[in-house]
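Protein chains in written order, with the numbering used here: chain A, 1 to 115; chain B, 1001 to 1113.
Think of the hints as simulated: they come from the structure by calculation, not from any bench. Check each hint, because a few of them may be wrong.
As the list claims (entries may be wrong) - Interface residues of chain B toward chain A, partial, derived using beta-carbon atoms under 8 Å:
id	residue
1	Val1052
2	Tyr1064
3	Pro1106
Said to hold, decoys possible - Straight line, CA to CA, 27 Å or less: simulated DSS-like cross-link-like pairs of lysine-lysine:
id	chain 1	residue 1	chain 2	residue 2
4	A	Lys69	A	Lys52
5	B	Lys1057	A	Lys3
6	B	Lys1057	A	Lys107
7	B	Lys1057	B	Lys1070
8	B	Lys1070	B	Lys1053
9	A	Lys3	A	Lys107
Yeah, the Cβ is synthetic: ideal placement off N, Cα and C, and Gly gets one too.
Read off the chains here:
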Amino acid sequence: DAKTTQPPSMDCAEGRAANLPCNHSTISGNEYVYWYRQIHSQGPQYIIHGLKNNETNEMASLIITEDRKSSTLILPHATLRDTAVYYCIVRPAEASGGGADGLTFGKGTHLIIQP
Amino acid sequence: DAGITQSPRHKVTETGTPVTLRCHQTENHRYMYWYRQDPGHGLRLIHYSYGVKDTDKGEVSDGYSVSRSKTEDFLLTLESATSSQTSVYFCAISPGTGRGEQFFGPGTRLTVL
């Protein structure tokens, strides 16, 4: 999997948008960007993924730069329950040959939502 | 939430004893995974399965074996537990439909004394 770089920690005020950056300058053409989060002592939770277009779902939006070397996860209205470690991961999707291999988790960003 | 359960949720055992952790899914997903999580290391893949009786090693497979005799169950065995295997173990599943997302279970906290 390509390497990703994330800030170790970030703060955000409750109700504001939380913007989490991720650099993945060595990403390959067939690799997707995935975001997961892990709330304290729970299993990681899938948030969103994308290839090159911006994506949005009920949890978040994913903005990928045109050169695909970086991306930003946006939580539009952060709540205290969004306090977690957020992981940015790049890997091929299964359909493009990624097979069943696992995810490679880095250290992620510890997002703290302040009341 | 994906239907994934892990048992036991907590276990304390002694060095040298065998331990088996169970992951059970009700989603009929093709792929299943075992990860361990330790402070300073994040999550690391131990073994994975891409079908019944089809398994392969991950990054940290030494000291672990797995079995998958049914789609819904993926077992992780520590033949002779060591203190270095004290960790939190997570099971994950993936449908294998091409999207690549994985869904994680609640974890098992294992302490080897």
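For each hint, the structure was consulted:
no., hint, in the structure
1, Val1052, "13 Å, violated"
2, Tyr1064, "14 Å, violated"
3, Pro1106, "6 Å, holds"
4, Lys69(A) to Lys52(A), "10 Å, holds"
5, Lys1057(B) to Lys3(A), "21 Å, holds"
6, Lys1057(B) to Lys107(A), "22 Å, holds"
7, Lys1057(B) to Lys1070(B), "19 Å, holds"
8, Lys1070(B) to Lys1053(B), "8 Å, holds"
9, Lys3(A) to Lys107(A), "11 Å, holds"
When each numbered hint is compared with the structure, violations occur for hints 1 and 2.
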